[in-house]
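Number of protein chains: 2
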Amino acid sequence: MAEENKENIVYIGKKPTMNYVLAVMTQFNSGSSEVVIRARGRSISRAVDVAEIVKNRFVPDSKIRDIQISTEKLPREEGGTVNVSCIEIYVTK
Amino acid sequence: MAEENKENIVYIGKKPTMNYVLAVMTQFNSGSSEVVIRARGRSISRAVDVAEIVKNRFVPDSKIRDIQISTEKLPREEGGTVNVSCIEIYVTK
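First to last, the protein sequences are chains G and H.
Here the numbering used here is used: the first residue of the first sequence is 39, the next is one more, and so on.
Here the numbering used here is used: the first residue of the second sequence is 39, the next is one more, and so on.
For the record, the hints were derived by calculation from the structure and aren't laboratory data.
Among these hints, one or two may not hold up.
Pairs involving identical chains hold if they fit within one copy or between any two copies, as the list cannot separate such chains.
[Said to hold, decoys possible] Here are the computed lysine to any residue pairs in the SDA-like style, where the Cα-Cα straight-line distance is at most 25 Å: (1) Lys101 - Ala61; (2) Lys131 - Glu110; (3) Lys111 - Leu60; (4) Lys101 - Glu116; (5) Lys111 - Asn94; (6) Lys101 - Val120; (7) Lys53 - Cys124; (8) Lys111 - Val122; (9) Lys101 - Gly118; (10) Lys111 - Ile91; (11) Lys101 - Arg78; (12) Lys101 - Lys111; (13) Lys131 - Thr119; (14) Lys101 - Arg80; (15) Lys131 - Glu116; (16) Lys52 - Thr64; (17) Lys111 - Ser68; (18) Lys101 - Arg114; (19) Lys111 - Met63; (20) Lys131 - Gly117.
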């Protein structure tokens, strides 16, 4: 995967889905030709929603170029680590 | 996408993650070389967990061949439709 500009990554959290749709749109409107939508754990479903809404409703000429999934080991407060799934959705226009 | 045998699709619902991991393993052990993990809405995060657990812990020689996302229009009881995101994760070994 080519090295990417950190600025074109939108991290999905627990805010309303449309906040993140707006963040992706802002990236595209400021000249990015690719935006990476990134999420962990339960937010993964929301990341897919964001990508689909951007593609189907707001940027009709955009495409899902690639989707990668992975596992991250996060430290736990009690010690040890916990595995969390991640997704990265590459949207281009 | 090649036409696929319906039997090699594992639909992700609200059961514990390991139930679906077991279903994928059963498919592979019965001779399938590809299993499709399919989920809608909030279950999408669990689908990614299932794929990652199969790949990292149970079938080390398996690979994520492709991931597709899409939107389905489901009928609502009150009439009209609601858009739901879907994911299909193609795991091969």
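Status of each hint after checking the structure:
no.: 1; hint: Lys101 - Ala61; verdict: within (17 Å within a copy, 32 Å between copies)
no.: 2; hint: Lys131 - Glu110; verdict: between (29 Å within a copy, 23 Å between copies)
no.: 3; hint: Lys111 - Leu60; verdict: between (30 Å within a copy, 23 Å between copies)
no.: 4; hint: Lys101 - Glu116; verdict: neither (42 Å within a copy, 33 Å between copies)
no.: 5; hint: Lys111 - Asn94; verdict: between (34 Å within a copy, 13 Å between copies)
no.: 6; hint: Lys101 - Val120; verdict: between (33 Å within a copy, 22 Å between copies)
no.: 7; hint: Lys53 - Cys124; verdict: both (18 Å within a copy, 20 Å between copies)
no.: 8; hint: Lys111 - Val122; verdict: within (6 Å within a copy, 30 Å between copies)
no.: 9; hint: Lys101 - Gly118; verdict: neither (39 Å within a copy, 27 Å between copies)
no.: 10; hint: Lys111 - Ile91; verdict: between (30 Å within a copy, 13 Å between copies)
no.: 11; hint: Lys101 - Arg78; verdict: both (22 Å within a copy, 20 Å between copies)
no.: 12; hint: Lys101 - Lys111; verdict: between (30 Å within a copy, 20 Å between copies)
no.: 13; hint: Lys131 - Thr119; verdict: neither (38 Å within a copy, 28 Å between copies)
no.: 14; hint: Lys101 - Arg80; verdict: both (24 Å within a copy, 23 Å between copies)
no.: 15; hint: Lys131 - Glu116; verdict: neither (44 Å within a copy, 36 Å between copies)
no.: 16; hint: Lys52 - Thr64; verdict: within (19 Å within a copy, 35 Å between copies)
no.: 17; hint: Lys111 - Ser68; verdict: neither (34 Å within a copy, 32 Å between copies)
no.: 18; hint: Lys101 - Arg114; verdict: neither (37 Å within a copy, 28 Å between copies)
no.: 19; hint: Lys111 - Met63; verdict: between (31 Å within a copy, 24 Å between copies)
no.: 20; hint: Lys131 - Gly117; verdict: neither (43 Å within a copy, 35 Å between copies)
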